[in-house]
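Heads up: the sequence shown begins at 1 in this note's numbering, then just goes up one per residue.
Calculated from the structure, these hints are not laboratory results.
All C-beta atoms in this analysis are idealised placements derived from N, C-alpha and C, irrespective of residue type, glycine included.
Be careful, since some hints might not be right.
Unchecked claim - Restraint ranges, calculated between C-beta atoms of paired labels, are given here:
(1) Gln22 with Tyr49: 29 to 39 Å
(2) Asn78 with Thr27: 18 to 28 Å
(3) Tyr21 with Lys82: 34 to 44 Å
(4) Ser13 with Lys82: 21 to 31 Å
(5) Asn89 with Ser45: 29 to 39 Å
(6) Asn81 with Trp26: 17 to 27 Å
(7) Trp65 with Ser13: 13 to 23 Å
(8) Gly72 with Trp26: 34 to 44 Å
(9) Cys30 with Phe5: 33 to 43 Å
(10) Thr71 with Leu24: 29 to 39 Å
(11) Gln52 with Ile85: 32 to 42 Å
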Amino acid sequence: NIGYFYHFNYIASYAQHVWFYQPLCWTHVCHTEELPAVFDPNSTSIDVYPTQDEILQSQQIQYYWSNFAQTGNPSQGNGANKLNIMWTNYGSKTLANTLMINTVGTNG
Numbered sequence: 001n002i003g004y005f006y007h008f009n010y011i012a013s014y015a016q017h018v019w020f021y022q023p024l025c026w027t028h029v030c031h032t033e034e035l036p037a038v039f040d041p042n043s044t045s046i047d048v049y050p051t052q053d054e055i056l057q058s059q060q061i062q063y064y065w066s067n068f069a070q071t072g073n074p075s076q077g078n079g080a081n082k083l084n085i086m087w088t089n090y091g092s093k094t095l096a097n098t099l100m101i102n103t104v105g106t107n108g
C-alpha cells in the first residue's frame with residue numbers, strides 16, 4: 001500500500017484573529033489549522049489577510065491535495081512543475097518521508 005504523511009507545524013500570521021477564543025493556538029499549531037491553506041487562504045470576508053508567503057504556501061498545499069485527488073500521487077499532475085519539493089511515498093521504512101510544513105517560502 002502507498003501512503004503519504006504530512007506534519008503541519010506552521011503558525012499563520014492571522015492565528016490570533018482566527019483562534020481568538022483559544023490562546024493556546026497562538027503559540028502552538030492546533031487541529032485543523034491547515035484548512036485555510038488547503039481551501040482558501042484569502043478569507044477577507046472574515047478579516048483574515050495572509051502574507052504573500054502564506055499565499056504561496058497555500059498554492060503549494062493546494063497543488064499537493066488536488067494532484068493526490070487526481071492521480072493518487074501529490075507530486076504528479078497539474079501544477080507538479082510548480083512544486084518546491086516532491087512529496088515522497090511514506091512507505092514503512094522511515095519518518096524521513098514525511099512532508100514537513102513548518103515555514104512559508106521557497107522551501108515550504
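Flag every earlier hint the structure violates by its number, smallest first. Of the numbered hints, 1, 2, 6, 9, 11 do not hold.
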